[in-house]
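Peer 1: Each chain, letter by letter, is given below.
Number of protein chains: 6
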Amino acid sequence: MGRFVAFGEIMLRLSPPGRELLLQTPKFDVWTAGAEANVATALACLGHDSAMVSAVPPTPLGDAPVRALRGFGVDTRGIQRREGRMGLYFVTTGAGLRATDVIYDRAGSAFAETPPEDWNWDRLLDGADRLHLSGITPALGPQGTAAALRAADAAEARGVPISFDGNYRARLWEAWDSDPRATLTRLISKADILFGNHRDISLLLGERFDGDGPDRRREAAEAAFEAFPQLQLIASTARHLDDVDHHRLSARIDARDGAVQTDEVSVAGIVDRIGAGDAFTAGVLHALRTGQDISGAARTGLALTCLKHSLPGDASVFGQKDIDAFLAGGFDVRR
Amino acid sequence: MGRFVAFGEIMLRLSPPGRELLLQTPKFDVWTAGAEANVATALACLGHDSAMVSAVPPTPLGDAPVRALRGFGVDTRGIQRREGRMGLYFVTTGAGLRATDVIYDRAGSAFAETPPEDWNWDRLLDGADRLHLSGITPALGPQGTAAALRAADAAEARGVPISFDGNYRARLWEAWDSDPRATLTRLISKADILFGNHRDISLLLGERFDGDGPDRRREAAEAAFEAFPQLQLIASTARHLDDVDHHRLSARIDARDGAVQTDEVSVAGIVDRIGAGDAFTAGVLHALRTGQDISGAARTGLALTCLKHSLPGDASVFGQKDIDAFLAGGFDVRR
Amino acid sequence: MGRFVAFGEIMLRLSPPGRELLLQTPKFDVWTAGAEANVATALACLGHDSAMVSAVPPTPLGDAPVRALRGFGVDTRGIQRREGRMGLYFVTTGAGLRATDVIYDRAGSAFAETPPEDWNWDRLLDGADRLHLSGITPALGPQGTAAALRAADAAEARGVPISFDGNYRARLWEAWDSDPRATLTRLISKADILFGNHRDISLLLGERFDGDGPDRRREAAEAAFEAFPQLQLIASTARHLDDVDHHRLSARIDARDGAVQTDEVSVAGIVDRIGAGDAFTAGVLHALRTGQDISGAARTGLALTCLKHSLPGDASVFGQKDIDAFLAGGFDVRR
Amino acid sequence: MGRFVAFGEIMLRLSPPGRELLLQTPKFDVWTAGAEANVATALACLGHDSAMVSAVPPTPLGDAPVRALRGFGVDTRGIQRREGRMGLYFVTTGAGLRATDVIYDRAGSAFAETPPEDWNWDRLLDGADRLHLSGITPALGPQGTAAALRAADAAEARGVPISFDGNYRARLWEAWDSDPRATLTRLISKADILFGNHRDISLLLGERFDGDGPDRRREAAEAAFEAFPQLQLIASTARHLDDVDHHRLSARIDARDGAVQTDEVSVAGIVDRIGAGDAFTAGVLHALRTGQDISGAARTGLALTCLKHSLPGDASVFGQKDIDAFLAGGFDVRR
Amino acid sequence: MGRFVAFGEIMLRLSPPGRELLLQTPKFDVWTAGAEANVATALACLGHDSAMVSAVPPTPLGDAPVRALRGFGVDTRGIQRREGRMGLYFVTTGAGLRATDVIYDRAGSAFAETPPEDWNWDRLLDGADRLHLSGITPALGPQGTAAALRAADAAEARGVPISFDGNYRARLWEAWDSDPRATLTRLISKADILFGNHRDISLLLGERFDGDGPDRRREAAEAAFEAFPQLQLIASTARHLDDVDHHRLSARIDARDGAVQTDEVSVAGIVDRIGAGDAFTAGVLHALRTGQDISGAARTGLALTCLKHSLPGDASVFGQKDIDAFLAGGFDVRR
Amino acid sequence: MGRFVAFGEIMLRLSPPGRELLLQTPKFDVWTAGAEANVATALACLGHDSAMVSAVPPTPLGDAPVRALRGFGVDTRGIQRREGRMGLYFVTTGAGLRATDVIYDRAGSAFAETPPEDWNWDRLLDGADRLHLSGITPALGPQGTAAALRAADAAEARGVPISFDGNYRARLWEAWDSDPRATLTRLISKADILFGNHRDISLLLGERFDGDGPDRRREAAEAAFEAFPQLQLIASTARHLDDVDHHRLSARIDARDGAVQTDEVSVAGIVDRIGAGDAFTAGVLHALRTGQDISGAARTGLALTCLKHSLPGDASVFGQKDIDAFLAGGFDVRR
Ligand SMILES: [Ca+2]
Ligand SMILES: [Ca+2]
Ligand SMILES: [Ca+2]
Ligand SMILES: [Ca+2]
Ligand SMILES: [Ca+2]
Ligand SMILES: [Ca+2]
Ligand SMILES: [Ca+2]
Ligand SMILES: [Ca+2]
Ligand SMILES: [Ca+2]
Ligand SMILES: [Ca+2]
Ligand SMILES: [Ca+2]
Ligand SMILES: [Ca+2]
Ligand code: NI
Ligand code: NI
Ligand code: NI
Ligand code: NI
Ligand code: NI
Ligand code: NI
Ligand code: NI
Ligand code: NI
Ligand code: NI
Ligand code: NI
Ligand code: NI
Ligand code: NI
Ligand code: NI
Ligand code: NI
Ligand code: NI
Ligand code: NI
Ligand code: NI
Ligand code: NI
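As you go down the protein sequences, you meet chains P, G, A, B, D and V in turn.
Per my numbering, numbering through the first sequence is continuous, rising by one, with the last residue being 335.
Per my numbering, numbering through the second sequence is continuous, rising by one, with the last residue being 335.
Per my numbering, numbering through the third sequence is continuous, rising by one, with the last residue being 335.
Per my numbering, numbering through the fourth sequence is continuous, rising by one, with the last residue being 335.
Per my numbering, numbering through the fifth sequence is continuous, rising by one, with the last residue being 335.
Per my numbering, numbering through the sixth sequence is continuous, rising by one, with the last residue being 335.
Some hints here could point you the wrong way.
[What the hints assert, rightly or not] Facing chain V, from chain A, some residues (calculated, C-beta under 7 Å): (1) 26; (2) 58; (3) 60; (4) 320; (5) 321.
To be clear, the hints were calculated from the coordinates, so they are not data collected in a lab.
Keep in mind it's a predicted model, so treat the numbers as computed, not measured.
Positions of the beta carbon are idealized from the N, C-alpha and C atoms, including for glycine.
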């Protein structure tokens with residue numbers, strides 16, 4: 001198996017302790033974050049050769065997330081040290097009937113300011129068997145769009161398959177003179193795996209999908225497969241929210257020739273829901289990289305995202321042993 | 001709109017961390033407390049001109065809550081610095097099947113020791129369009145009773161409407177040679193809004209109200225409207241407790257010519273239930289002050305009390321934006 | 001009433017803060033632990049004359065749990081100071097769908113290394129009206145087995161009744177050339193009260209018990225009463241787990257002439273499930289020592305174990321007042 | 001050797017974290033306090049049979065300090081549970097050129113409210129070979145004065161020697177219609193050991209002592225020996241303060257036939273100076289109880305007070321091993 | 001006395017706990033910061049009518065420092081809510097031989113992005129008797145320079161005296177096409193009080209001042225008085241550093257007709273040196289506003305800066321009582 | 001430049017918060033430790049290709065230190081996962097006149113239990129240009145001695161130079177039937193650099209060295225050079241202790257043809273002295289690896305050890321920038 005390469009912005013997440021409001025008392029807990037970095041971390045913790053391509057400032061603020069990723073076994077040699085800010089974001093974890101709230105403070109980050117031509121994809125994709133991108137990088141601005149496209153082009157040119165996580169962030173796209181549909185269409189046209197649901201596909205194709213859950217998802221998937229000839233798999237979760245601490249989740253993977261959908265799992269007592277989507281992504285990729293079929297991939301993706309809800313911080317740091325324990329079931333103390 | 005004026009004792013709440021028992025480990029978290037101060041804080045956070053009338057000692061223990069209230073925008077010029085203790089109370093937050101436990105240590109506080117004649121209501125009510133009192137102040141002792149009555153008389157004399165929160169504290173009344181029924185009757189006879197339910201009214205009128213929930217509440221309300229000709233609105237919540245962390249709440253407002261009652265809302269994953277009643281009071285007053293009818297007031301009061309259950313500390317510090325988000329619904333991360 | 005004497009290893013439990021994984025951040029919370037010590041602590045907090053017999057190293061690591069036990073009123077004069085390690089264990093508290101995980105680090109502890117003949121049972125059982133043992137001590141190795149048997153023999157010789165908590169730990173027994181069935185049979189043959197369920201009895205008697213819950217438990221109990229003529233009572237809980245934070249519990253006590261079984265209680269919002277079995281044991285013994293029948297003992301045992309789920313740390317430190325409040329019901333703030 | 005009995009108020013000390021001002025952030029660290037309790041704790045930690053006589057409320061606030069004292073081996077059977085407050089005090093630890101600041105909140109405590117006749121000295125002094133009192137108890141009010149005098153009378157009647165720590169608290173005496181000189185004179189006339197310096201003696205005798213350090217102290221001691229025929233030893237420390245974190249200390253003991261005075265020791269990097277006087281008292285009593293002469297007592301008292309400056313909290317919890325290490329010298333890591 | 005008005009950027013300071021390196025463990029303590037805000041806070045705590053003019057984002061990150069300032073009594077009505085970032089900076093507090101390190105992350109802040117014409121000085125200076133500026137605002141960029149000049153012009157036009165704190169930040173000036181000397185000269189030419197030393201004056205006048213300490217400072221002061229006809233007072237501290245935790249400080253004020261210089265004070269055990277210059281500024285202004293001469297002003301400024309070194313966080317929050325205690329001397333516990 | 005390889009036990013250090021005694025409150029801070037791992041970490045932070053050879057258990061307790069080392073850039077592929085305990089040690093940081101105290105709990109660790117033949121030195125020394133050992137590994141028992149000798153033999157056979165840090169631990173050697181002098185002599189005879197002073201050499205050669213500091217050190221060095229023909233450099237620090245928080249340090253390196261000795265540096269306000277020796281070792285090796293002479297090596301070693309005293313935790317994590325700043329001097333805030 002080759003190297004998994006993720007490309008995207010690394011951020012520091014700052015959160016108040018427990019269930020306090022932001023700065024209700026003057027303390028922050030800090031976690032390493034970033035959608036693509038979360039996937040790279042989760043895959044490294046599952047034993048994959050996983051590399052992160054990004055940029056952080058040459059200060060202790062940039063050292064810390066590099067140290068965290070490297071500690072989990074991510075190859076961080078592709079993380080440049082460049083002038084610019086460290087991207088930050090602030091998460092106020094909700095509870096009960098108060099939703100979790102996020103404030104981004106990522107403008108002007110070292111990553112966003114890196115000129116598109118400063119990524120040496122020849123070196124960065126050496127030995128790669130997958131490049132993972134998300135919809136966040138192109139949303140960061142013209143440089144981000146150019147950087148994401150160059151990365152995708154480089155992978156395509158080298159025959160490295162691309163996975164793409166929709167991660168549509170309306171506020172980022174609206175902050176500049178952007179054309180998200182055109183950009184995302186170009187990127188997804190080069191991908192073989194898309195993480196996203198019918199809403200992401202609607203956005204790309206300008207088409208609405210009706211009907212109840214699974215039907216609507218299949219309809220959207222088929223439209224996407226038609227529009228993107230290289231696309232082979234579309235993976236998504238469906239999430240119903242009873243309240244902030246109690247969700248019900250199922251996972252689905254659509255292939256060209258059929259789909260699998262798991263049962264719904266009830267996830268109560270949620271500790272930290274942030275990064276759950278990235279854990280799903282990592283679980284699916286992990287299963288596929290270890291030779292499972294889409295049914296196993298859906299189950300593994302669901303397992304990892306369920307486990308993530310019990311974990312403070314953004315990235316899944318679970319191992320295969322934890323996935324096995326989850327799939328075996330049983331909730332009592334393990335001695 | 002004029003100034004909202006609350007009169008009552010300010011306390012410091014000391015709580016162990018998390019769900020520990022009191023002094024299970026030797027740490028306290030500290031919060032500013034006091035039923036009336038909670039209402040003043042909540043209204044200030046909702047943009048009202050809100051003032052607190054109280055007394056604290058001239059020490060850092062008195063400085064801290066004044067700083068907290070002033071920080072939230074409460075006008076603290078009516079808070080006297082006087083010799084005496086800072087009122088304290090100790091809250092051990094329960095969990096599951098262990099109820100939250102409270103120990104009061106408020107005897108001899110600077111507020112309770114302030115002679116009734118030392119409150120200059122001419123100055124304190126200047127510009128006021130409402131005086132808010134609760135059943136705690138008269139329960140503190142003869143001086144408290146006299147102080148509350150003087151305050152009510154002063155407001156009445158100046159044509160300032162009075163809202164009154166029952167907050168019946170049996171232990172406080174029983175600690176001295178008191179006549180709660182007579183005292184509370186005198187106070188409530190001057191109020192146009194009463195926060196309290198059928199049990200509070202039973203106590204005042206010496207009458208029992210039977211039947212199921214809404215009927216019983218209406219019967220009690222009608223009796224109260226008869227007994228108190230100035231009274232226009234009676235607002236209350238109904239709370240059913242599944243366990244310590246999971247309650248179901250509805251709100252009701254009775255007017256002379258009819259009543260509104262909200263649906264029941266399930267509040268699970270409760271973080272801190274203390275001060276939820278004060279948040280309801282503040283929500284109702286906020287809605288009424290901004291021109292909503294009693295239906296809007298019941299909904300807004302319910303919204304603020306539901307949100308309060310997710311918040312550590314005693315006072316609601318939510319803004320209109322938080323109420324709007326609650327009423328719009330949706331429990332997923334807000335990015 | 002005489003003195004309750006518990007014999008077993010004392011440990012320190014180290015846990016990460018909140019719901020973090022072990023060493024996710026570099027902090028440990030520390031609690032005094034050990035199944036028998038938990039029972040001794042719980043009984044001391046309920047007003048019994050309760051003594052602990054154990055061994056810890058003559059260092060601050062040994063001082064701390066002795067200080068904790070003594071602080072709760074346990075007589076610690078029977079705790080030897082001996083060279084050897086302090087037994088440690090690491091608890092990662094789960095959440096939602098991630099189970100709590102335990103790592104033991106108790107090999108070579110001062111207790112496990114104490115020669116069986118170094119316990120002076122003449123002195124240690126002076127004034128005792130009960131000796132409490134568990135299946136952990138004999139599982140620690142040949143010395144542990146010998147020490148447990150000597151203790152049981154000494155109690156038998158002095159007419160001190162013995163209670164025995166199964167606490168079967170497969171991993172400990174498997175770590176050496178052991179014969180758990182023979183050893184446990186010898187020990188339980190001297191006991192009048194057994195804490196354990198049909199699975200424990202199956203293990204002892206090499207017999208399977210079929211059928212649904214209560215029937216199966218009764219069948220197992222009758223087999224045990226037949227096999228162990230001295231045995232008078234068998235107490236157990238039945239636990240169904242919805243998820244890590246939400247269990248349903250009932251308690252059962254089998255006597256020779258009949259059994260009692262409580263209703264099932266739903267315990268949600270679990271704070272710390274570790275030590276819940278020891279709290280049940282303590283509750284049953286407390287009730288029996290204060291003259292209640294087995295019905296009261298089952299209810300009291302269930303009450304204490306339910307309360308324990310709300311409490312961080314291993315030992316129940318509740319008083320009679322807390323049990324009374326639980327049995328009286330009511331989940332709202334106690335002012 | 002018999003039992004050491006200390007009589008006085010137990011308090012909880014609340015302090016902000018680190019070097020913060022009081023409530024600069026909303027957290028308190030909590031320690032068990034009280035001058036006489038500190039001495040009882042220190043002596044128990046040094047292996048003495050040490051008992052505390054006091055009163056605390058029957059709440060978790062009273063449980064905690066009893067648990068702490070008992071944990072350190074103090075006999076707490078003489079601590080009554082009575083209605084009333086738990087005495088509190090607030091310590092803001094200074095630094096550099098900002099002095100440590102103390103706010104007392106002890107009025108109305110369960111101890112101060114205990115009627116003088118409610119102490120059963122027959123039982124409490126059973127087996128005692130010393131009663132330790134301080135100038136704080138009589139300063140608490142008429143009941144405190146009466147209680148201290150009764151205690152002293154009871155000890156005198158039973159031939160139990162009395163040690164007395166001056167601990168003059170002007171603010172307490174000034175808060176009521178007191179006659180400190182008459183009261184303290186009566187108490188000290190019954191003592192054989194006085195902890196106090198020339199200033200304490202001046203106050204008692206109404207006489208000024210001039211000259212430089214040792215001469216002045218000797219002059220005062222001789223006057224005290226003349227005035228108090230039972231008095232055999234006067235122990236004191238001399239403290240010079242370079243700044244809040246750096247003091248220089250020496251110890252002195254005057255006997256009727258001579259005196260010893262130690263060299264001055266420089267104590268820098270002070271962690272917590274509160275309770276240093278009580279540690280000195282305990283060190284002197286420890287040495288005398290173990291048969292050392294006044295020279296050894298002065299050295300031991302100085303050792304324990306120096307060590308106390310390195311320890312957070314009010315009471316010395318050091319053992320003989322720590323004193324030995326201090327006296328042996330050497331500041332590098334002990335492996 | 002009128003209103004003191006400070007104009008400048010408010011920031012949040014994020015620091016690791018204790019003496020850890022930045023993100024050595026993943027926690028931040030948060031303090032409100034900003035040179036001019038520190039002065040406004042310190043003066044409000046000393047009883048002055050003190051107002052802050054600034055801009056922060058309309059998020060909880062902006063709410064928190066406004067709440068902090070308002071809590072200390074600063075008038076915050078002049079703080080605009082505007083889109084943009086909250087200015088942040090990261091302080092790693094040094095120790096021993098490792099210096100404190102600062103990382104600024106203030107580019108793009110709401111304050112820095114506010115158009116110069118968006119400050120309504122007519123309203124903001126209403127009732128003002130002093131405007132306080134520092135060299136930071138003009139260093140932030142062309143908009144900052146324009147804003148500072150407009151503020152100074154507005155004050156000059158209204159006859160409001162201006163104080164100016166040099167606070168030269170080379171890195172800020174070097175980040176854009178700036179002319180610090182021209183800009184600062186224009187600003188200081190309008191001021192009557194300058195906080196700065198011979199190095200600041202050298203920079204302004206392009207002249208070197210030689211010789212030993214006081215002579216050099218006087219020479220520089222005289223050159224400044226000549227260059228700036230409106231300037232009446234120049235206040236500065238001289239700081240000698242033994243190591244990171246131990247400095248020696250003296251204060252000096254030069255007037256046109258003479259100077260005062262205090263003795264050097266040794267400040268050991270430094271807790272937090274950040275903001276010490278702002279505390280000096282506040283102390284001098286406080287003394288002058290309360291009618292003291294320059295000798296009292298130098299002593300008061302030195303007192304407040306010495307006290308600040310003992311205080312975590314950026315702003316002095318001491319009261320007159322603390323200054324009095326400092327000037328009275330004495331380092332032992334204040335009971 | 002090749003790879004630096006360190007071989008030794010990795011431990012977790014558990015420490016109470018601040019200056020508390022062990023378990024004075026029930027919290028531990030946790031740090032990655034181990035003399036050789038500290039050196040490997042420090043060199044990785046200084047940019048060297050640095051690898052650790054060790055063994056830890058396959059549990060989260062073993063994961064954490066591997067994550068920490070890897071995070072700092074240490075190559076951890078040579079760290080085996082093996083059954084056994086994680087080595088622990090407990091550090092109670094002293095203050096003032098109370099020395100830091102250490103309790104080891106390392107017996108039975110996965111490292112100590114690894115059979116000597118289970119280290120594959122062919123692979124582990126691939127690309128190495130130095131192997132670093134210390135006197136701790138052979139002191140752990142017969143397996144440790146054999147493992148250390150095998151490692152040294154393997155390096156010798158491959159021409160990889162060996163550095164050896166004396167780190168004499170009497171208690172470890174005394175715990176088994178050991179011959180430290182013979183073992184250490186064999187090991188040091190293969191080394192070209194020895195970290196140790198005249199006391200270490202005395203122990204090896206059975207010879208006493210008299211006279212004052214530098215003379216004695218030179219005499220010892222010359223004896224060592226005579227006894228160990230391969231030895232080229234002996235590096236040591238001299239430490240004088242004023243008190244626990246204030247030391248004076250100098251560094252010395254003896255070569256065959258001369259020696260250098262630095263001035264003494266005063267290190268006050270010590271935060272954490274543990275690991276200071278390992279930082280010195282790392283500083284010397286860093287300088288030598290980057291081509292400095294012994295004078296530069298002594299200065300660099302002294303710089304890194306001085307900086308380490310300001311840093312919580314065991315390992316130096318400073319970069320070249322920090323050393324440069326130290327050597328440039330200046331203690332004020334770096335902005
Ligand atoms: Ca938001
Ligand atoms: Ca996603
Ligand atoms: Ca209670
Ligand atoms: Ca209420
Ligand atoms: Ca496990
Ligand atoms: Ca059990
Ligand atoms: Ca004070
Ligand atoms: Ca004293
Ligand atoms: Ca820097
Ligand atoms: Ca400055
Ligand atoms: Ca030791
Ligand atoms: Ca060493
Ligand atoms: Ni549900
Ligand atoms: Ni739910
Ligand atoms: Ni995500
Ligand atoms: Ni329910
Ligand atoms: Ni529920
Ligand atoms: Ni309330
Ligand atoms: Ni359920
Ligand atoms: Ni549930
Ligand atoms: Ni258990
Ligand atoms: Ni000195
Ligand atoms: Ni000093
Ligand atoms: Ni004291
Ligand atoms: Ni110094
Ligand atoms: Ni400043
Ligand atoms: Ni400044
Ligand atoms: Ni010195
Ligand atoms: Ni010193
Ligand atoms: Ni070391």
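Peer 1: Compare the structure with each hint and give your call.
Peer 2: Hints, one by one, checked against the model:
no.	hint	verdict
1	26	holds (4 Å)
2	58	violated (11 Å)
3	60	holds (4 Å)
4	320	violated (26 Å)
5	321	violated (25 Å)
Violation of the numbered hints given earlier is confined to hints 2, 4 and 5; the remaining hints are satisfied by the structure.
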